[in-house]
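Fit chain to chain and form the complex, with the hints in mind.
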Amino acid sequence: TQLLEQSPQFLSIQEGENLTVYCNSSSVFSSLQWYRQEPGEGPVLLVTVVTGGEVKKLKRLTFQFGDARKDSSLHITAAQPGDTGLYLCAVGNEKLTFGTGTRLTIIP
Amino acid sequence: GAVVSQHPSRVICKSGTSVKIECRSLDFQATTMFWYRQFPKKSLMLMATSNEGSKATYEQGVEKDKFLINHASLTLSTLTVTSAHPEDSSFYICSARSGFKGYEQYFGPGTRLTVT
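If you're matching them up, the sequences are chains L and D in order.
For the record, in the first sequence the residue sitting at position 16 is 1463 according to the working numbering, with numbers rising by one throughout.
For the record, in the second sequence the residue sitting at position 23 is 501 according to the working numbering, with numbers rising by one throughout.
With the rest of the complex left out, here is chain D (with noise of 0.2 Å):
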């Protein structure tokens, strides 16, 4: 049990267009999805926490017009990267939590994403 998947694992966009990663709980009910952000060869840093029907929490400096989320339901967040530029070019994970399960996470295979 607790399988997060990612949606697409790997993207490529021109610069100046947006993209969609989605985040799905595929066997339990996520009441938060966090959103993480990986460079080659470092570690996670935590971009923002959603909550089911709220609106999420971004860590300093990460910017909330760029990096839209949404928490529409108990099993989905996506992540919406506006206005792409190449510096956006990471790889970008999720997690999942059940407010059942206690305070560990799940978390997805990840999104390459790609600006040209």
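This is chain L alone, in the form it adopts within the complex (with noise of 0.2 Å):
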């Protein structure tokens, strides 16, 4: 059993539409992180969250953290061709734990 389950798996959209990738546990946790990594380079670090209830916007993303601070969505709005890429969520503080990950295609 997977710590950090995200949803959907692999996601594949038109350009201009939105969506929603979530990112689900049964453990509670301080905090928790959203990276995206592209093809053949490491993850880069999108946001972080610490409060139950905490929404971050970046751009067209925006992060929430759950307010029981087990689970955390996603938003894209008008997704864009450059948003491909693998999402992952993360959590820990010494080592990171992350999710299954969700694969993001934006059709142009």
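By construction, these hints were calculated from the structure, which means they are not laboratory data.
We put the beta carbon where it would ideally sit given N, CA and C, even for glycine.
Everything hinted at is true.
Quick list of in silico lysine-lysine cross-link-like pairs, DSSO-like style, CA-CA up to 27 Å:
| # | chain 1 | residue 1 | chain 2 | residue 2 |
| --- | --- | --- | --- | --- |
| 1 | L | 1542 | D | 520 |
| 2 | D | 533 | L | 1542 |
| 3 | D | 520 | L | 1517 |
| 4 | D | 542 | L | 1542 |
| 5 | L | 1517 | L | 1504 |
| 6 | L | 1503 | L | 1517 |
| 7 | D | 519 | L | 1542 |
Some residues of chain L that are not near chain D, with every Cβ distance over 10 Å (derived):
| # | residue |
| --- | --- |
| 8 | 1458 |
| 9 | 1467 |
| 10 | 1469 |
| 11 | 1493 |
| 12 | 1505 |
| 13 | 1506 |
| 14 | 1508 |
| 15 | 1528 |
| 16 | 1531 |
| 17 | 1552 |
Structure follows, in structure tokens:
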């Protein structure tokens, strides 16, 4: 059983559409991070959320931490081809545990 | 700031040989470095944690005699895959953390290892 389950596993949508990906767990976390990884590259940190119910925005990306700090969502508005990549949630301070990942493809 | 490099970016080796991968923090001192492995279309799995000047701590199921990790300086860690087999083929990613910058890890660009 994975500590962090992400859904959907794969998502392919047209440019301009909106989408939401989820990161779920039965455990409570003090903080959660979202990363984007492009093929052949290492992951890049997008955001860290630390407070239950917290919402953070990064241009067209909106991140939310669940009230109980067990889950998180990432919403992308008006997706663009440049948003294509593997989106990973992760938890941990000393050591990171990554979620199962959502592979997003935006079709021009 | 906070740039991490890896070398080589791609390597092909024959079964039975050993290959060394370097991870460098270019503009900060990394008190801790981490090594991850990523299979195609999968997430990252932590292999080991290394603190400068100390022995690496390996995750459960990772063979320490097969994946030798050295963190001899504050800017360099190496991962040596010994007696490589085709099943060791994978994408290896390192990350580095400075004790002065909090807990954020900065990731390298990864090394694609193919064992033939």
